[in-house]
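Keeping the supplied structure of chain A fixed, place chain B upon it in accordance with the hints.
Here is what each chain is made of, one letter per residue.
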Amino acid sequence: MTRWLRLAAFLVVAGALLLVAGQIRRFGEPRLAEMDLYFNRYSQDEVAANNAVTAIVFDYRGYDTLGEATVLFAAVVGVALILRKVKK
Amino acid sequence: MSVVVRTIARMLVPVGLVFGAYVIMHGHLTPGGGFQGGAVAASALALILVSFSAKELKPVKGLLSALESTGGVAFVVFAFLGIGFTFFANAIAGMGGLFGQPVDYGPNPGYLNTSGTLPLMNWAVGLKVLAGLGSVVLLFALFGEGEDDR
Chain A
1 MTRWLRLAAF LVVAGALLLV AGQIRRFGEP RLAEMDLYFN RYSQDEVAAN
51 NAVTAIVFDY RGYDTLGEAT VLFAAVVGVA LILRKVKK
Chain B
1 MSVVVRTIAR MLVPVGLVFG AYVIMHGHLT PGGGFQGGAV AASALALILV
51 SFSAKELKPV KGLLSALEST GGVAFVVFAF LGIGFTFFAN AIAGMGGLFG
101 QPVDYGPNPG YLNTSGTLPL MNWAVGLKVL AGLGSVVLLF ALFGEGEDDR
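Taken in sequence, the protein lines are chains A and B. Residue numbers 1 to 88, in our numbering, belong to the letters of the first sequence in order. Residue numbers 1 to 150, in our numbering, belong to the letters of the second sequence in order.
Looking at chain A on its own, in the form it has when it is part of the complex (with noise of 0.2 angstroms):
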């Protein structure tokens, strides 16, 4: 019975993958590009970075990267915490 059920899921998980693998557009046409092409065009002129991507990362999506740290402050005070010396 399970066997029939996990080949059943591997059909249409697999079934769906090769259903859209059809429709994938071509590498280096995406479809939406204007937030991409804004990005190329511009990050010299507005953040004054030759490095687009830090340009994103740092000042655009500066957010993120302030999420990020705090994840790694988290994983720090993980190991610490875990790691720490037990008082008897």
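Careful: at least some of the hints might be erroneous.
Below 30 angstroms or equal to it, Euclidean Cα-Cα: the simulated DSBU-like pairs (lysine-lysine) are [unchecked claim]:
no.: 1; chain 1: A; residue 1: 85; chain 2: B; residue 2: 61
no.: 2; chain 1: A; residue 1: 85; chain 2: B; residue 2: 58
no.: 3; chain 1: B; residue 1: 55; chain 2: A; residue 2: 85
Distance ranges between label pairs, derived from CB positions [stated by the list, open to error]:
no.: 4; chain 1: A; residue 1: 31; chain 2: B; residue 2: 10; range: 46 to 56 angstroms
no.: 5; chain 1: B; residue 1: 113; chain 2: A; residue 2: 40; range: 20 to 30 angstroms
no.: 6; chain 1: A; residue 1: 67; chain 2: B; residue 2: 7; range: 34 to 44 angstroms
no.: 7; chain 1: A; residue 1: 29; chain 2: B; residue 2: 107; range: 19 to 29 angstroms
no.: 8; chain 1: A; residue 1: 13; chain 2: B; residue 2: 143; range: 32 to 42 angstroms
no.: 9; chain 1: B; residue 1: 108; chain 2: A; residue 2: 67; range: 24 to 34 angstroms
no.: 10; chain 1: B; residue 1: 145; chain 2: A; residue 2: 36; range: 46 to 56 angstroms
no.: 11; chain 1: A; residue 1: 67; chain 2: B; residue 2: 4; range: 38 to 48 angstroms
On the chain B side, residues computed to face chain A include the following (Cβ under 7 angstroms) [stated by the list, open to error]:
no.: 12; residue: 27
no.: 13; residue: 28
no.: 14; residue: 88
no.: 15; residue: 135
no.: 16; residue: 139
None of these hints come from the bench; they were simulated from the model. Small disclaimer: the values here were computed from a predicted structure and weren't measured. In this text, a Cβ means the ideal position worked out from N, Cα and C, and glycines have one as well.
For chain B alone, coordinates are given in the frame of chain A:
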């Protein structure tokens, strides 16, 4: 570890730290940035840990902890510089002065004195990542060596 590993580690640790500082410093010009450069520098610390012992880095544990907090606070402070417009607005890009050189659209050789708050934020995040990852591997190494006083 053996004397071969220790000798190579003595040569590679300064190289790793300098390369990490380079990746952080040129984050607004070349691929990389604060996170990547901090991870490179932290891997140099991990090299010290695996080739020597965790006791070598135990004195800098407090420094790493302070550096982590300083990096996080400095990042938010540089974000607050643009609060007159919005949070995280780049207030000093293209304004002249420190990191304020404007850049025209198109190819250029890459000038270090550009991008406003981006290099400062790169340094803040780089120091934070270096201290964070370094203290994580240091804590694990101290735990693995059975050091009692952590």
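Going back to the hint list, which numbers does this structure go against? none
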